[in-house]
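**Student:** Next come the chains, spelled out residue by residue.
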Amino acid sequence: MIRHRDRWVEPLLLATIAVGIFIDSLSYPPAVVPGAPGPTFFPRLMALILIACAGLLAWRPPGAPGGQTPVTARRPEPDSAGGSLRFVAAIILIAGFLFLASRLDTYSSLPLLVGGLMAIMGERRVRVLLGIPILFTLFVYVVFSWALGVPLPTRWL
Amino acid sequence: MAILFEGFAAALQPANLGFILAGTALGVFVGAMPGLNSTVGLALVLPITFSLTPVPALLMMVSLYMAAQYGGSITAITIGVPGSSPALATTFDGYPMCRRGEAGRALGISLFASVIGGVIGAILLMIALDPLSRMGLAFGPTESFALGVFGLSIVANLVGESPVKGIVSAVLGLVFFLVGLDVLTGSPRLTLGVPVLMDGLELVPMLIGFFAIAEAFKAIVSRTGPNLVGKIGATRPGARELVRLWPSIARGSAIGGAIGAIPGAGATIASLVAWNEEKRASRRPETFGRGAPEGIAAPEAANNACVGAAMIPLLALGIPGSASTAVLLGGLRVQGISPGPLFLDEHASLVSSLYAGFLVAVLCMLAVGILGIPLWTRVVRLPSSVLMPIVVGISLVGTFALRGNPFDAWVALFFGVIGFVMLRRGYPLVPAVLGLILGPMIETNYRRALTLSSGSHATFLESPISLLLLVLAAASFAVPVLRRRIIQWRSART
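Listed in order, the protein sequences are those of chains Z and B. Heads up: the first sequence begins at 9 in this note's numbering, then just goes up one per residue. Heads up: the second sequence begins at 529 in this note's numbering, then just goes up one per residue.
These aren't lab readings, by the way, just hints derived from the structure by calculation. None of these values were measured; they are calculated from a predicted model. Idealized CB from N, CA, C, for every residue including glycine. Careful: at least some of the hints might be erroneous.
Said to hold, decoys possible - Which residues of chain Z face chain B? A partial, calculated answer using Cβ under 7 Å:
| # | residue |
| --- | --- |
| 1 | Y36 |
| 2 | P37 |
| 3 | P47 |
| 4 | M54 |
| 5 | G91 |
| 6 | F95 |
| 7 | I102 |
| 8 | L118 |
| 9 | L120 |
| 10 | L121 |
| 11 | I128 |
| 12 | F144 |
| 13 | V158 |
Stated by the list, open to error - Using C-beta positions, here's what the derived DEER-type ranges look like:
| # | chain 1 | residue 1 | chain 2 | residue 2 | range |
| --- | --- | --- | --- | --- | --- |
| 14 | Z | S92 | B | A666 | 51 to 57 Å |
| 15 | B | R812 | Z | V27 | 40 to 46 Å |
| 16 | Z | G63 | B | V949 | 19 to 25 Å |
| 17 | B | A986 | Z | P159 | 49 to 55 Å |
| 18 | B | R1012 | Z | V27 | 29 to 35 Å |
| 19 | B | V771 | Z | L146 | 43 to 49 Å |
| 20 | Z | G90 | B | A854 | 45 to 51 Å |
| 21 | Z | R132 | B | R1011 | 47 to 53 Å |
| 22 | Z | P159 | B | G864 | 27 to 33 Å |
| 23 | Z | F107 | B | M726 | 42 to 48 Å |
Extracted from the complex, chain B is given alone in its bound form (with noise of 0.2 Å):
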């Protein structure tokens, strides 16, 4: 305790509290602008962090990670293009309540969950900074197979009544992951001899494609845009209903604190169980995908959790779990600090001011949350011949300076066509996304498993792991299924 009092004193210096709140106002904007995410946002304040010394550098490059999870649930729920993809969640339930002209109760659930979420990733990264390390160690090439089966069991809860096109939806999800250099041979798949395309298809223009463009076009056939039921700044979360979604921000919480801390699971990942165990677990799962709060609260608990425990491989170990940490790790590097198992007793003045700095990043981030919230309510009253244009261009704009390469936005267009085209036909988009997101963990992870064991399928039961993850995987697979056949049944009985 004393240690996080000698945190807060250096966390509540003014400058660091200065540096604290710019992070946190960059963060919710870069992840609130399609195409900008918090990796762009890290490596756009690094060179700022050269001139400071280890702890406001470090305060707000953590500051601006935390915010920038929330931020993305900011054009997720108004405009339902999830601003960076840890938020493609928050759009299943976020974006129909907006829908309904719920844009602030929904607002207002995802900063209360994003808060909690974040409290508890650093209550999190202070009791099991060990213990949990370790946990990410024992993660292998069979338990990563086994967890990116377990993520794509997500899938069956999408499918709704039409389990072909679900599963045809996956399939070309995992197909467009496929285009590019294999990453264990170095052969050319897919690329159709095109030498842009041996880098790969990004997620993030596949992402604006599937979410922004073909929901403009949608609009611009339609010539309607969203369709905006009574007042939308009328609406905010009462004390009792953050009350009634506790349980829903615990589990996601605890959902995405476990999957934060496995190197390369990643926050998208983590929301995405987080929504679909939400689904699993409750009494009305038809009501998620149509507005339901719990489908919001869960997985923006998850991915701010996920900040938190992501820095405990970064810290413990020094390994960097996902893009955003491994720019966190250059900027500590630059300061002159190697994170690693001597981390702690090396750097324990700068690991207190960590702790109570991601608490004040919080605090500052509910701050700004909250003076946002009428403005972001406001962008979705201007009229759809106005909003949608900007959407496109936003969108077009963030693909390009997402690695300053225009083919992403070639990308981007392409799958716009793609996903009006598969929207039209009754294709969900949302498994094909699935799928171009755990394509390479469960592709790379299976052969890689294989390889280590000579072929023998017995290693992802051997391993306790593995095993848990594949059953679960089975059940979250089956139960949909199940649980449709019986209503089939019992409707045909009556």
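Excised from the complex, chain Z in its bound form (with noise of 0.2 Å):
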């Protein structure tokens, strides 16, 4: 029943995504010259493909023949336990470092982040899990604050 249920959830989603571009290319203004393409073109045909593919999805489950994953997409390694759990964490604390970041500052929120992630990983050794977030942060200053003048967002250093 899940498999069954699963087998549309790409299609509806690809078919919802070209729905939505077909939606807001209505809004766009006519071609300058007439006879040549104007900016709804191009969004309109990507529309249809999508459209096709989703079909061609619905068509032709993931399993049946041909739908084996591609040379370049790199093969998931096996979940281990609580993974989809570690994943929304790891969301969560880049969310939080992007949002810390932008409105406190770059280098007290990147040791937060470095020694989160690195927790969430499995990093059990105290003095790797303090040492090597500060040892980074003080790597990611001296090259981009001191030698390179690249600015990041800083508040109070």
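Assembling the complex is the task here: the two chains are given apart, and the hints tell you how they should meet.
**Tutor:** Below, the structure is given as structure tokens:
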């Protein structure tokens, strides 16, 4: 039952994106030169191709012949226990870093990000958990701010 | 030849050699750092060149530009993240080689190919400054559209056994490029009324999201890093292997030289086309994307050959074909030099120093590269629980640094999530990146060409260059499909 439902997720998502593109293109102005394609041409062409692909995916489920993983698609490793939970935790951690870095300071938020991700990845040695994030932040400070003068969001330093 | 000797005399002066070395070291570094690239590096050294005379200023800038192309391959091979977009094609085979425990061999091949590509680009600059600049001028909207379609035909070689998913990925990339203001009419497209989307999506955050953040998510979910096999530092490319790779390097250099001379085409397209052509020419195309040495040699030779070739329209016509050459042009203007048709006659001594400087810069790149390989291979020995958080950290800082806009880092996170989900569902990521890179070239030039021809599609067949490129694109699309059909037919018979 779950597999049957799963089969329709991708085609429906692609069809929704295609319809969204088509609706958005209704507000574009016409072509400047008669006969030449305007700004609507390309988005609508893409929407059409997406609809066609959605139809093909719905018609031929991923398990059917020809549904193998492509050469350049890196095959994912099998999940270890709690993989989905760690995935969500990592997104929250990165989003938290981006929020803090742009509102507070890059250099004080960076050790929290690196240390947090290390903990999520299973690092338990306290010396490593504290030392690497601080050393890495120092490296970033020296390279970006001191040596290259690249501006990063900072408030306190 | 006398001009070249005169140039070497200038380039090998201790002070000039120091500037070349400094430019090379900085170039390798900015090329290797995700988010930084040759344009950023050139912009960083530009203030330094203000106080220099034209010769050292130009030598420092071209050596940085050249070395940054090689630097991009270091992270592409060791952690699967292209340091800069021209190294994208290097990830296809470089990262699988690294995962097999052959990081040292892959880095050696990349360095050797980059050096040879750089030399060929420099020779091309010397002998073909005049004719190639005219070829570059022959590229109008019609030919540029055909070149874009030819570039996109690479998708046919990347989709593997699932063409529909490959096409979906490419179309999604083409849709992502549509976000922002339409370049011809200025009307907003797919911006959802969000002002920050009016600028469009930057390529680098998307690359970082797809290749760094998605990879990190994969490691976080499975709690494994790159599965390295064997001793990383034990393998180096031998002389016999480098000789065997010579045809791939020569083909890559020729493609890089030809595409580099076309304003607007650039090293990314050159390296992707070189990878695709190498796969097509190979007797074992099935090994590409799984760690084929030729898949590193050809694109690396191409993107370095592009550097010399990109100088041709810049110096002969005053046309900067890329952001990096635009900064170089700025550096030359600061020195009171205006490139153009009279550049060769007016600045003969500077041109001779430039020729020699290119060759000296290539040798410096070789030295820096050889010294650096043991260091780079150590990076991949770090445990995954340390390496992956550092990759995420440096990638996000790199996206902050790109334009100083925190929005880019959010874009990287967004594409990281999308990329991870796509990988889990068996969608290849590279066609999406190709779509984003080639989309503007294809759409803008298609519309421009049809505007100029009053809507007549015959314009694409009337130009010999366009016709040739479109025929090649059709063949490039058809050959992998036919090959698959033949294999399926043969296996069904047996």
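**Student:** Confirm or reject the claim that Z:P159 and B:G864 have a C-beta distance inside 27 to 33 Å.
**Tutor:** Between Z:P159 and B:G864, where Cβ atoms are some 30 Å apart, the hint holds.
**Student:** Can you verify the interface hint for Z:P37: is its Cβ closer than 7 Å to any Cβ in chain B?
**Tutor:** Interface hint status for Z:P37: holds (5 Å vs cutoff 7 Å).
**Student:** Given a cut of 7 Å on the nearest C-beta pair, is the interface hint for Z:L120 held or broken against chain B?
**Tutor:** Status violated, d = 10 Å.
**Student:** Hint check: is the beta carbon of Z:I102 less than 7 Å from a beta carbon of chain B?
**Tutor:** holds (5 Å)
**Student:** Once the shortest beta carbon distance from Z:I128 to chain B is found, is it less than 7 Å?
**Tutor:** At 6 Å from the nearest chain B Cβ, Z:I128 passes the 7 Å test, so the hint holds.
**Student:** Should the interface hint for Z:F95 be scored as holding, given a Cβ-Cβ cut-off of 7 Å against chain B?
**Tutor:** Because about 5 Å separates Z:F95 from the closest Cβ in chain B, which is inside the 7 Å limit, the hint holds.
**Student:** Would the stated hint for Z:F144 survive a check requiring a Cβ distance to chain B of less than 7 Å?
**Tutor:** holds (6 Å)
**Student:** Verify the interface restraint on Z:L121: the C-beta must sit less than 7 Å from at least one C-beta of chain B.
**Tutor:** holds (6 Å)
**Student:** Identify whether the interface hint at Z:M54 stands, where standing means a beta carbon of chain B within less than 7 Å of its own.
**Tutor:** With a minimum Cβ separation of about 5 Å from chain B (threshold 7 Å), the hint on Z:M54 holds.
**Student:** Measuring from beta carbon to beta carbon, are Z:G63 and B:V949 in 19 to 25 Å?
**Tutor:** holds (21 Å)
**Student:** Hint validation: Z:L118 versus chain B, beta carbon distance must be below 7 Å. Holds or violated?
**Tutor:** holds (6 Å)
**Student:** Between B:A986 and Z:P159, does the C-beta distance stay in 49 to 55 Å?
**Tutor:** Roughly 51 Å apart at Cβ, these two residues keep to the hinted range, so it holds.
Violated hints, in rising order: 9 and 23; the structure is consistent with all others.
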